[in-house]
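Chains as they are written, first to last, in the working numbering: chain A, 2 to 259; chain B, 926 to 1271.
Bear in mind the hints are in silico, worked out from the structure with no lab data behind them.
Some hints here could point you the wrong way.
Stated by the list, open to error - BS3-like, lysine-lysine: derived pairs with alpha carbons at most 25 angstroms apart:
#1 A/Lys-229 x A/Lys-254
#2 A/Lys-71 x A/Lys-112
#3 B/Lys-1263 x A/Lys-46
#4 B/Lys-1074 x A/Lys-15
#5 B/Lys-1263 x A/Lys-71
#6 A/Lys-237 x A/Lys-217
#7 B/Lys-1146 x A/Lys-111
#8 A/Lys-46 x A/Lys-254
#9 A/Lys-118 x B/Lys-1074
#10 B/Lys-1172 x A/Lys-112
#11 B/Lys-1149 x A/Lys-71
#12 A/Lys-223 x A/Lys-46
#13 B/Lys-1214 x A/Lys-112
#14 B/Lys-931 x A/Lys-112
#15 B/Lys-1172 x A/Lys-71
#16 A/Lys-111 x B/Lys-1172
#17 B/Lys-931 x B/Lys-970
#18 B/Lys-1263 x B/Lys-1074
#19 A/Lys-67 x B/Lys-1214
#20 A/Lys-67 x A/Lys-159
#21 B/Lys-1149 x B/Lys-1172
#22 B/Lys-1074 x A/Lys-46
#23 B/Lys-1214 x A/Lys-111
#24 A/Lys-159 x A/Lys-9
#25 B/Lys-931 x A/Lys-142
#26 B/Lys-1046 x A/Lys-118
#27 A/Lys-15 x A/Lys-223
#28 A/Lys-142 x B/Lys-1149
#29 B/Lys-1146 x A/Lys-112
#30 A/Lys-111 x B/Lys-1046
#31 B/Lys-1263 x A/Lys-118
#32 A/Lys-112 x A/Lys-67
#33 A/Lys-111 x A/Lys-46
#34 B/Lys-1074 x B/Lys-1214
Okay, here's what each chain looks like letter by letter:
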Amino acid sequence: MISAEQIKYSVGTKNILNNISVEFLPGTCNLIIGPNGSGKSTLIKLLSGEINNFDGQLRYNGSDIKNYTKLALAASRAVLSQQTELSFPMTVEEVVMLGRNPHFEFNPSKKDVEIVKEVMALLDLNSFTHRNYQTLSGGEKQRVHYARVLAQIWEAPKGEQRYLFLDEPLNNLDIYYQQIFLSIAVSLLNETTTLIGVVHDINIALGYADQLFFLKDGALIKNGAPEKIVDAILIKEVFNIDTQLMLHPSTGKPVVLF
Amino acid sequence: MRLNNKIFFIVLTILLALVLIAAIAFGAVQILPSEMMAALIHWFKGESNTTIYENVFIQLRLPRVLLCAITGAILAVSGVLMQGLFRNPVVEPGLIGTSAGAAFGASIVFSLSPFMSPVFKTVLGPFLVPVFAFMGGLAATYLVYSLAKNNKRVAILPLLLVGMAINAIGLSGVGLMTYVARDPQARSITFWNLGTFSGASWFQVLVTGMVGLICIFIAFKQAKKLNVLLLGEQEAGYLGVEVNTLKTGILIVNTAMVSVATAFVGVIAFMGLIVPHVLRLLIGSDNRKLIPASIIMGALLLTLADMGARLLLAPAEMPIGIITSIVGAPLYIFLLKKYHFNQNDL
């Protein structure tokens, strides 16, 4: 469980995040949406420990995040970023193995090698194993990084929780892999796993989120289960566009029509 | 193209051994392997060397070849470290001020030595050179790094441009020091600019060897973290690497070993560019393999270059930097063109 209390973050005189208090429970998919510049990515960076000069309390499983070393945090928390570039040639397998960094001292163990194989199969990367990462397309690169991030927290450390953060990970992906990325993430959820993400597509958010968080101008406007909180008025308030809502004929979840 | 690692390392090591023996054998006087053996046996037994060949081998050729191999290893590993740190294949100690700063620091000691008391000079003098070189190298590297930094990011264009300016300052400083030096033993500007191994001594071999061994060992221990850093600082942080600690540590050991080598042999440009580039093509970018392979290939190539410097214009000798620059500068242009022209980030 991650809990944030009264989080404030500013750069210079500009307030990026204002008094945000949220809780993310294990076994749930938590998605944050909001317009450009609303502070979504900043919130993800702050919750995941990348930004640490904020005001307020941030607790992982009840203990202050400041008590964790970077390495200890990395063993249980992984972040998939929007875009990651590599300046030197590496094979796809080598890039995925970088995800195991928190778990071995110098050379990977058999278990690390097995986990890398498993996640690569999961993301359909087997035929890419020895390909040079730099020759891949944007979408393929993002799959490699997803595999790397999953390898990082494939198993929660003994007696601990694991947390997966997705920071707008769907940008370069076709609709097939957009769905695959989120269904894989959701399939990992259990009593020791929490998922926190930022997505742009509101219908994808409505389809996958257990809890939705609407952010605007650095403030939390509303949060809760999508079917309970989302209506045209809220979407107008946050995104400033007129929409209509209907229920998906087979899943029964709300769908936004533009 | 990826080579089998074991075979690659074995072949490379055998090649290095052959080149080392050849480099000892050929020169103004030829030394036969049997004479090398005899000299080594005498030396181990603590007996004095009998023939002039044995003396040339023990006092001149062997320290020279060893210093050359150690320096080559240091410069090549330094290239790997700096390129990993700046995430860019066109960085090396000769380009971002480290070598020039170290040369400036060392040349200060030489030009001040006439003013030192004889006791001070004989006891501390030899160690002052590497220490001043380290301070000069560190100051120059830090200056280039902090001046080129913008918004926590070091772009390659400012880095190379600032590096040029600091190099110019460092080498002008060297010029000034050699100009005002009254000590006949002070080294010439050509020595500092282009490097040479002609003055190699056992003392230099020991100091450079010890410093190189310690620094490369420390750097090698960080090879796994340097791999993670290839993903960028933010991702490395997410993967548990204390990025600032890693960067500071690598920068210090790197500067230390390059400075000490430079203090004794002058600035030898482009070695740190050539070796890592060739090795990345052959065995990939994993620093756990790249660092040991750079030790061997750096030693091998610089020893070859020094043989060239001694033999090409024999009996005259040319500065080794001429040879490394003839090979390295075109490669530098090639790398710049391949990685940076037509790219927005230049």
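Holds or violated: B/Lys-1263 to A/Lys-71, with C-alpha atoms at most 25 angstroms apart: violated, 36 angstroms
Satisfaction of hint between B/Lys-970 and B/Lys-931, Cα-Cα up to 25 angstroms: With Cα atoms ~36 angstroms apart, B/Lys-931 and B/Lys-970 exceed 25 angstroms; violated.
Pair hint A/Lys-111 and B/Lys-1172, alpha-carbon separation not exceeding 25 angstroms: Distance of about 30 angstroms is beyond 25 angstroms: violated.
Pairwise hint evaluation, B/Lys-1172 against B/Lys-1149, where the allowed Cα distance is 25 angstroms at most: holds, 13 angstroms
Hint consistency between A/Lys-118 and B/Lys-1074 [alpha-carbon to alpha-carbon, up to 25 angstroms]: Judged against 25 angstroms, a Cα distance of about 39 angstroms means the pair is violated.
Hint consistency between A/Lys-71 and A/Lys-112 [alpha-carbon to alpha-carbon, up to 25 angstroms]: Roughly 22 angstroms between the alpha carbons, so the hint for A/Lys-71 and A/Lys-112 holds.
Pairwise hint evaluation, A/Lys-71 against B/Lys-1172, where the allowed Cα distance is 25 angstroms at most: Holds, at about 15 angstroms.
Given pair status - A/Lys-254, A/Lys-46, alpha carbons within 25 angstroms: At roughly 29 angstroms apart (the allowed maximum being 25 angstroms), A/Lys-254 and A/Lys-46 break the hint.
Distance restraint between B/Lys-1172 and A/Lys-112, which requires alpha-carbon spacing of 25 angstroms or less: violated, 30 angstroms
Given pair status - A/Lys-112, B/Lys-1214, alpha carbons within 25 angstroms: Holds, because 21 angstroms separates the two Cα atoms, which is no more than 25 angstroms.
Hinted pair B/Lys-1146 and A/Lys-112, Cα distance within 25 angstroms: holds, 22 angstroms
Restraint check for B/Lys-1263 with A/Lys-118, where alpha carbons must lie at most 25 angstroms apart: violated, 33 angstroms
The structure shown violates the earlier hints numbered 3, 5, 8, 9, 10, 16, 17, 19, 24, 25, 26, 30, 31, 32, 33 and 34.
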